[in-house]
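Engineer: Construct all of the structure, not just a fragment, from the sequences and the given hints.
Top to bottom, those sequences are chains A and B.
At position 78 of the first sequence the residue is numbered 77 (numbering that gives the first Met the number 0), and the sequence of numbers has no breaks.
At position 106 of the second sequence the residue is numbered 105 (numbering that gives the first Met the number 0), and the sequence of numbers has no breaks.
Keep in mind that the hints were calculated from the coordinates and are not lab data.
Keep in mind it's a predicted model, so treat the numbers as computed, not measured.
One or more of the hints may lead you astray.
Unchecked claim - Footprint (simulated), chain B over chain A, 3 or more residues, beta carbon under 8 angstroms:
# : segment
1 : 17–28
2 : 94–102
To be verified - Dumping the calculated SDA-like pairs for lysine to any residue here, alpha-carbon to alpha-carbon at most 20 angstroms:
#  : chain 1 : residue 1 : chain 2 : residue 2
3  : A       : Lys-18    : B       : His-57
4  : B       : Lys-18    : A       : Leu-96
5  : B       : Lys-18    : A       : Tyr-24
6  : B       : Lys-18    : B       : Arg-90
7  : B       : Lys-18    : B       : Arg-93
8  : A       : Lys-18    : B       : Arg-93
9  : A       : Lys-18    : B       : Arg-90
10 : B       : Lys-18    : A       : Glu-98
11 : B       : Lys-18    : A       : Val-2
12 : B       : Lys-18    : B       : Val-68
13 : A       : Lys-18    : B       : Ser-86
Unchecked claim - Partial chain B-side listing against chain A, Cβ under 10 angstroms, derived:
#  : residue
14 : Pro-8
15 : Tyr-10
16 : Ile-12
17 : Lys-13
18 : Leu-20
19 : Gly-65
20 : Ala-92
21 : Val-94
22 : Leu-95
23 : Leu-96
24 : Glu-98
25 : Ile-99
Cβ atoms here follow ideal geometry from the backbone N, Cα and C, with glycine treated the same way.
There are 2 protein chains.
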Amino acid sequence: MAVLDERRPLYEIKANLFKGLAHPYRIRVLEILSAADEASVAEMLTATGLEASHLSQHLAVLRRYGLVVSERRASVVYYRLAHPQISELLRVARVLLGEILADTDSQRDLVAGLPTIPDAR
Amino acid sequence: MAVLDERRPLYEIKANLFKGLAHPYRIRVLEILSAADEASVAEMLTATGLEASHLSQHLAVLRRYGLVVSERRASVVYYRLAHPQISELLRVARVLLGEILADTDSQRDLVAGLPTIPDAR
DNA sequence: TGCTGAATTGATGGAATCATCATATCAGCT
DNA sequence: AGCTGATATGATGATTCCATCAATTCAGCA
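Structural biologist: Quick look at the structure:
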């Protein structure tokens with residue numbers, strides 16, 4: 000069964016969800032699937048520029064964590080998000096990350112903008 | 000600088016955020032800090048039951064990823080979330096995870112509740 | 001059947017992460 | 001200064017993850 004198995008302790012389930020998301024290429028793939036609803040491996044190959052087996056490995060991770068599902072039609076395999084809520088999670092993460100980065104930006108700017116006190120250590 | 004550094008490519012930043020969250024004890028710690036606003040290492044020790052150096056290692060990871068900040072008052076070190084939005088992200092993840100698990104539950108129940116077709120393989 | 005394109009799997013080496021233990025730092029007290 | 005409690009750091013082995021390459025499966029077509 001998938002790693003998102005409700006019989007596991009809750010903190011582990013939550014950590015597993017985040018583990019599935021914890022790689023730039025997998026984020027990329029999930030955002031592609033968030034936008035396109037469904038995509039073939041070939042499409043994702045060109046979109047990401049990855050080598051086939053490398054992409055396939057990450058897709059396998061996403062499948063194992065239960066984040067995506069795949070379906071073969073003729074010789075092409077199509078992927079979709081396993082749950083629409085995943086794109087919602089990514090959206091929230093994106094927004095919050097934006098705020099966080101803006102926060103630290105303005106803090107940095109604040110500090111950078113302070114008048115230089117000549118003797119300050 | 001923290002791993003949440005806006006000069007890095009965006010997918011990497013996002014993946015780093017999730018990497019910081021990708022461990023059950025760190026989730027536990029962040030939820031403690033979400034609820035309590037501030038907590039000493041000693042408090043987290045008793046709350047989690049971890050060994051001191053083990054907890055400290057995970058706190059170091061959280062600091063490195065820029066998810067928490069610490070402050071020493073007398074001989075006690077207090078931790079807080081670096082950004083309030085982090086508790087928001089955890090909240091959203093919790094809700095979505097609830098929906099996802101409910102989804103798969105009901106699917107399982109659906110399948111489990113189907114009449115058994117005698118001749119089905 | 002045998003070939004080809006599409007995708008996955010398996011194997012390997014290297015890097016990162018985790019858990020445990022020992023050691024070190026730091027603040028306050030005597 | 002030396003001791004103690006609180007916390008952090010360093011070192012180690014075990015495990016997991018990542019990237020690359022070779023080999024395999026699968027569907028469709030000649």
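Engineer: Report the numbers of all earlier hints that the structure fails to satisfy, in ascending order.
Structural biologist: Structure breaks no hint.
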